[in-house]
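**Student:** With these hints in hand, go ahead and build the complete structure from the sequences.
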Amino acid sequence: MNGFQKALADHQLELNRGRTTTLQVNVGRLCNLACRHCHLSAGPERREVMTRQTMEEVIRFAGRHHFSVIDITGGAPELVPDIEYLLEQLAPCVQATMMRTNLIALLQEERRKLLDLCCRRHITLTASFPSVNRGQADAQRGNGVWEQSIVMLKKLNELGYGRPGSGLDLYLVSNPAGAFMPVDQCTAEKKFKADLAGKWGIEFTGLFTFANVPLGRFRNWLEKSGNYEDYMQKLAGSFNPATIKGLMCRSLINISWDGYLYDCDFHMAAGLPCSGKPRHISQVEQLEEGGAIMTDDYCFACTAGTGFT
Amino acid sequence: MNSYYDPQDLPKFAEIGEEAPEIARKFFDYYQAVFAEGELTEREKALIALAVAHAVQCPYCIDAYTNTCLEKGSNKAEMTEAIHVACAIRGGASLVHGIQMRNVCQKVSL
Chain A
155 MNGFQKALAD
165 HQLELNRGRT
175 TTLQVNVGRL
185 CNLACRHCHL
195 SAGPERREVM
205 TRQTMEEVIR
215 FAGRHHFSVI
225 DITGGAPELV
235 PDIEYLLEQL
245 APCVQATMMR
255 TNLIALLQEE
265 RRKLLDLCCR
275 RHITLTASFP
285 SVNRGQADAQ
295 RGNGVWEQSI
305 VMLKKLNELG
315 YGRPGSGLDL
325 YLVSNPAGAF
335 MPVDQCTAEK
345 KFKADLAGKW
355 GIEFTGLFTF
365 ANVPLGRFRN
375 WLEKSGNYED
385 YMQKLAGSFN
395 PATIKGLMCR
405 SLINISWDGY
415 LYDCDFHMAA
425 GLPCSGKPRH
435 ISQVEQLEEG
445 GAIMTDDYCF
455 ACTAGTGFT
Chain B
8 MNSYYDPQDL
18 PKFAEIGEEA
28 PEIARKFFDY
38 YQAVFAEGEL
48 TEREKALIAL
58 AVAHAVQCPY
68 CIDAYTNTCL
78 EKGSNKAEMT
88 EAIHVACAIR
98 GGASLVHGIQ
108 MRNVCQKVSL
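Sequence order for the protein chains is A and B. Heads up: the first sequence begins at 155 in our numbering, then just goes up one per residue. Heads up: the second sequence begins at 8 in our numbering, then just goes up one per residue.
Bear in mind the hints are in silico, worked out from the structure with no lab data behind them. Even for Gly, the Cβ is constructed at its ideal location relative to N, Cα and C. Among these hints, one or two may not hold up.
[As the list claims (entries may be wrong)] Quick look at which bits of chain A chain B covers, simulated, 3 or more residues with Cβ under 8 Å:
#1 287 to 299
#2 333 to 340
[As the list claims (entries may be wrong)] Below, a list of computed lysine-lysine pairs in the DSS-like style, where the Cα atoms sit at most 30 Å apart:
#3 A:160 to B:19
#4 A:344 to A:399
#5 B:83 to A:378
#6 A:345 to B:52
#7 B:83 to A:353
**Tutor:** Spelled out as structure tokens, the structure:
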């Protein structure tokens, strides 16, 4: 029994799959950045990218099930060849389509076609933006990234993203710039809105604050810097049993770049497949309710404080 | 004991209540109320606490409120400015006593 299972047992809780309403597709680990908190260790040197053939299988899989939301993540989805094809095919299957962006990959001129598609299909953009402070943001994401992010946010606003009534939602995601817990979401959203609007005239729809998950590059940093044990204690000590009911893994299924199923992106990063055995989407006809969700000690990152929903 | 200060002592703070539980309870209740959101935000209160921690030079408080400030959304620049406020008051408090020195000098000098 791992520490997370023990915490569940201590609170007489079980973590089981509910109705799966969100299909999360991780299209690869290739990224133009190498953020220090990345649980996937994504970066420019990575070569794992979803092929057109796997995309076709994802599209067929989405057609066999009734998802409400499609969530495209990476790496940097913008860098994946045929990403426009995948979005075009998946968007009509669901009520809402979301794509994660690091903003910098989207800023490049060759993404113009992708941006047009996002506007036309009303694809929600969820952008990494850890801090309104340049130093903290660049320490996490690389020198100069903060400044380019501001440029891209202004450009997105010009296209209507984040503007009330435009139908183009722009969410920001803030992860702590280190081994500490995230800021309360409501408080941080107020401050981000005031600072971004006041200093740069930037608007956005909402902010998510998430704890860093101790996997990949972030775990390496925790271990090298001597922060690992304290951070794990902090996460476990912040376990909030009220978060279990609304955890995203209860209503989400993750597909890896090569077409395998996971309960979440973190299990995908850790190589912990759904139900404990690798299953390719081409072999899955039905997603059953009630099955046990895989767990590990890094799951404490999703149950700390107000949780990761 | 290798040092008077041990970071592992900080989580044991509540043990101070073992010999005088009622007084400790009142203190910790008061402490919690002080740091709750009021006319000042929790973030602002944490910055004040960080500055005071430096003024009273408490390593436990510096450790605790550095983390709290980060978790309440303050950045290093804001936290550094808060410490300069403490430094200015501490330095100013020393310097303003120079007037007392000057008064004494004046009284005893020709």
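**Student:** Hint by hint, work out which the structure violates, then give me just those numbers in ascending order.
**Tutor:** No hint contradicted; all consistent.
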